[in-house]
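If you're matching them up, the sequences are chains E and C in order.
Just so you know, this note's numbering puts 1310 at position 97 of the first sequence, and the rest follows in order with no gaps.
Just so you know, this note's numbering puts 1115 at position 80 of the second sequence, and the rest follows in order with no gaps.
No lab work stands behind these hints: they were computed from the structure.
The beta-carbon is built from N, C-alpha and C at its ideal position, and this holds for glycine as well.
Be aware that one or more of the hints could be misleading.
As the list claims (entries may be wrong) - Part of the chain E face toward chain C, derived, beta carbon under 8 Å:
no., residue
1, Lys-1246
2, Tyr-1265
3, Ile-1317
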Amino acid sequence: MASFILRRAEPKDVSDILRLIKELAKFEEMEEKVILTEKELLEDGFGDHPFYHCLVAEVPKEQSSEEYTVIGFAMYYFTYDPWIGKLLYLEDFFVMQEFRGLGIGSEILRRLSETAVKTRCSSMHFIVAENNTKSIEFYKRRGAADLSSEEGWRLFEIDKADLLKMTSK
Amino acid sequence: MCFLLTPLDKVSTPLWLKKKNTLVFVSSAVVMNFKIRAATKEDCKDISRMIMELAVYVKMPDQVKISHEELQRDGFCQNPFFECLVAEIPKEHKSKEGFTVVGYVLYFYTYSTRKGSTVYLEDLYVMPEFRGNGIGTGLLSKVAEVAKKKKQCVQLQLSVFDWNTPSRDFYAAKGAQDLTDTEGWHFICFDGQNLDNLANGAPKD
Chain E
1214 MASFILRRAE
1224 PKDVSDILRL
1234 IKELAKFEEM
1244 EEKVILTEKE
1254 LLEDGFGDHP
1264 FYHCLVAEVP
1274 KEQSSEEYTV
1284 IGFAMYYFTY
1294 DPWIGKLLYL
1304 EDFFVMQEFR
1314 GLGIGSEILR
1324 RLSETAVKTR
1334 CSSMHFIVAE
1344 NNTKSIEFYK
1354 RRGAADLSSE
1364 EGWRLFEIDK
1374 ADLLKMTSK
Chain C
1036 MCFLLTPLDK
1046 VSTPLWLKKK
1056 NTLVFVSSAV
1066 VMNFKIRAAT
1076 KEDCKDISRM
1086 IMELAVYVKM
1096 PDQVKISHEE
1106 LQRDGFCQNP
1116 FFECLVAEIP
1126 KEHKSKEGFT
1136 VVGYVLYFYT
1146 YSTRKGSTVY
1156 LEDLYVMPEF
1166 RGNGIGTGLL
1176 SKVAEVAKKK
1186 KQCVQLQLSV
1196 FDWNTPSRDF
1206 YAAKGAQDLT
1216 DTEGWHFICF
1226 DGQNLDNLAN
1236 GAPKD
């Protein structure tokens, strides 16, 4: 059973974050669309007015077959719905393939829910591509509602009740 | 996330006159001055009113949970969660109910792991009796300008319901790309030259 920690990303993590962003984009078959650089990630996430917040999942060196120890991440920021107020918006969420099925993704999502509740967010929002059935099932198992099934897009919401459920697990 | 605008093609022979602090749009029927400016705390009552008008239009008024006081708290605190611009008209053109703040755009800054800093347009609304006068275009362009100057944003995104053809046409006419065609959702993006063009078309202060 892998042991892992979740922590807030630090400036030294930008190289790993960019690597994981590209892995996720590759999975979505859109790798060439990532034009962001490490320098931009650093300025945008760790300057005076960060555009995003980031959690990273790290394993001990001996558990990783590669040289990496940062094996998952979640990037999020706060948005606003004029009907319900503050929201936590999950932009990217990824765990490297060989580290899936170990509860890392669940723990990341739980930690994010906790953050959402602590910061008085009404909801956590994100989008998922229609063909990403594994991810859709992962979210639906945790109480996510598909807000867009009639309109032709997939917008997922986890409301307060389910957020609280996740934080108490 | 709803946008109510009618395309400008409803007005024939438009003629743009620039005056200090206003952009005057002359149509064959009506002269309408309007000013786009940053919202103040005092505008929150008007903005809340228009948020509700938008919700009524999409038949979801019971979904509006926050008051104008909460809007004020969240938009005018030390680290605001959104920014807002309003469109204001002179008293002599006021609405039937006496309002002079007749449109708004509410937006915030987000982040794309593909391209970087982004401005996200959450709400854009013009009261029905004031549409067709360039107010929607003015609001949109001003957001693009502010985002570029203030935060060096590389793109503007928004989402539109797929049934909302007038709004989709409005954005398409300004160079927006529908990112949902191949991926199953609707997101609209302005980047590069299209964003510059939009910003260059913004009303001058």
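Status of the hints after comparison with the structure:
Nearest Cβ of chain C to the Cβ of E:Lys-1246: about 5 Å, under the 8 Å cut. The hint holds. A cut of 8 Å between beta carbons decides the hint on E:Tyr-1265: the least distance to chain C is about 4 Å, and the hint holds. Annotation: E:Ile-1317 was flagged as interfacial toward chain C, and the flag is violated, the nearest CB pair being 19 Å apart, outside 8 Å.
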